[in-house]
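In case you want the letters, here they are:
Protein chains: 2
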Amino acid sequence: MKTLADTGEDALIRRLVKNLPHDPDVLAGPGDDCAVVRAPERGRHLLLKTDTVVEGVHFTPETKPGLIGRKALARVVSDFAAMAAVPRHALVTLIAPSGTPLRRVEQLYLGLRAEAARHAVSIVGGETSRGPALIVTVSMTGEAPAGRWIPRNAARAGDLLLVTGRLGGSIRGRHLRFEPRLAEARWLARHLPVHAMMDLSDGLAKDLPRMAAAAGLGFEVEMQSLPRARGVTTEQAWGDGEDYELLLAVSPRVKPAALAAWRGAFPRLPLTRIGTLTRKPSTSLAPGGWDHFG
Amino acid sequence: MKTLADTGEDALIRRLVKNLPHDPDVLAGPGDDCAVVRAPERGRHLLLKTDTVVEGVHFTPETKPGLIGRKALARVVSDFAAMAAVPRHALVTLIAPSGTPLRRVEQLYLGLRAEAARHAVSIVGGETSRGPALIVTVSMTGEAPAGRWIPRNAARAGDLLLVTGRLGGSIRGRHLRFEPRLAEARWLARHLPVHAMMDLSDGLAKDLPRMAAAAGLGFEVEMQSLPRARGVTTEQAWGDGEDYELLLAVSPRVKPAALAAWRGAFPRLPLTRIGTLTRKPSTSLAPGGWDHFG
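From first to last, the protein sequence lines stand for chains A and B.
Counted the way my numbering counts, the first sequence spans residues 1 to 294.
Counted the way my numbering counts, the second sequence spans residues 1 to 294.
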């Protein structure tokens, strides 16, 4: 079985980036010291995000490599969704032991490429290095009209808390196959008075306190209202990580017609009110959620 | 001794990004799902690069953490130098075992921040995860006027090969303390007929064949002319990696006055002619240089 050490770095990179599709805004792709792309047009801002998946933390040695690649890319797309932005160009850093089978890395990359294509993202460069475990870091640019991206920290007291989808139990498989809520986020930003938005990566129990604290607010959650994935408990819906659903703070003056329009636009994806942001900061955070060093 | 596990992810990030200096083009920095920055102005292109340093590959457990941070950032700046571009905004991904002392990571980050400040780069976000070793990935944006960046692949037969500085023996310490040739590269692109440029990260023996092959050319090197760092052999100057000097392909019609002006502008940094690019592709590459999976 051919390994990365047998293949060598240059041949590996040639194989991975062969026939990589590029949008016309890519002026120099893999193979130069930097990638060169056309900048966002006047009136649009540039958005930047990086994220990483580590063997033993975000996937196991048994995870199918195509799904590792898919997850590595989709996690970052989910962050652009959280800003109601459009992802554009990606850089991929691949760290792997020298003895890793070439085929495993190629399949991982095919998963990355397929997921990038689904979101019209171009992979424009990257880096490879040997290392003690398989680690994939994806850095991405995106863009949004100036003043039209949705921050995490601008929630207001009295805002309604909404979440998309169903929460909890992602570890059973959804953490590898989730759909970044890109179209949904842009729809919500256009049709609802959204003050703040984020994606749920570490679990509602950790991410909601972050959104509230960023605005100096507290929160009240009606635990029984949490939309639960099939077969999970309320505690799991509250504490489990890697839902990659959207959490929104929306003005209480949101029109019922807007919520009805959501059901028309996305009939299979629930949008659920789970609570309220309060003026009084929460003095102790609810336990649960995922700490990367815990 | 306080570790990352004792500190927790949110508190770690708060400590690392505290008082992070930002240029006025940064509209949202760490703490949101994505960073938001003003895009390059009309007529300028956006450049993207990512690079990574891995414990046991690019530094050892004994390396001073501030120097690890410095190297992680400077390597990427060196790639912007290689394009004659200006680096702007950086994202930092930090992977570390849970038992890593907090102080080690804080010192690493101080090294990163100091090196970023030296090159007027703003750190605008990043990511942390636990993992099997200390790994730092830096992704960076930069910009250059349209049509004014220097590619790697546009060398022409008959071009002179020039290198900045002195090569070899970087492993003794220079690989941690090198100076990215940012100002030098922009000077060279402005004053010399530079067709192609790259930075020497894997060693001349590996990087020169890459530059030649990218243009379908071969090369001839006068080995005795290689500018050697103090105490290194010609073989080391040829084969050692991590010089982070510039390799240039320059029109043979370069004016002697331009080379004399270089000596006036950068009196302490040699610019040495080491050979020529040839029409006939090299059929066998010279041995040496650094393969990341070898």
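Among the hints, erroneous ones may be present.
Which copy is meant is left open, so a pair is good if it fits within one copy or across any two.
Straight line, CA to CA, 25 Å or less: simulated SDA-like cross-link-like pairs of lysine to any residue [unchecked claim]:
id, residue 1, residue 2
1, 18, 257
2, 18, 216
3, 64, 128
4, 18, 281
5, 18, 213
6, 255, 177
7, 64, 129
Since the hints were derived computationally from the structure, they do not count as laboratory data.
Here is what the structure says about each hint:
1. 18 - 257: neither (49 Å within a copy, 43 Å between copies)
2. 18 - 216: Classified as between; 18 Å across copies, 49 Å inside a copy.
3. 64 - 128: both (20 Å within a copy, 24 Å between copies)
4. 18 - 281: between (53 Å within a copy, 22 Å between copies)
5. 18 - 213: between (46 Å within a copy, 16 Å between copies)
6. 255 - 177: neither (33 Å within a copy, 59 Å between copies)
7. 64 - 129: both (21 Å within a copy, 21 Å between copies)
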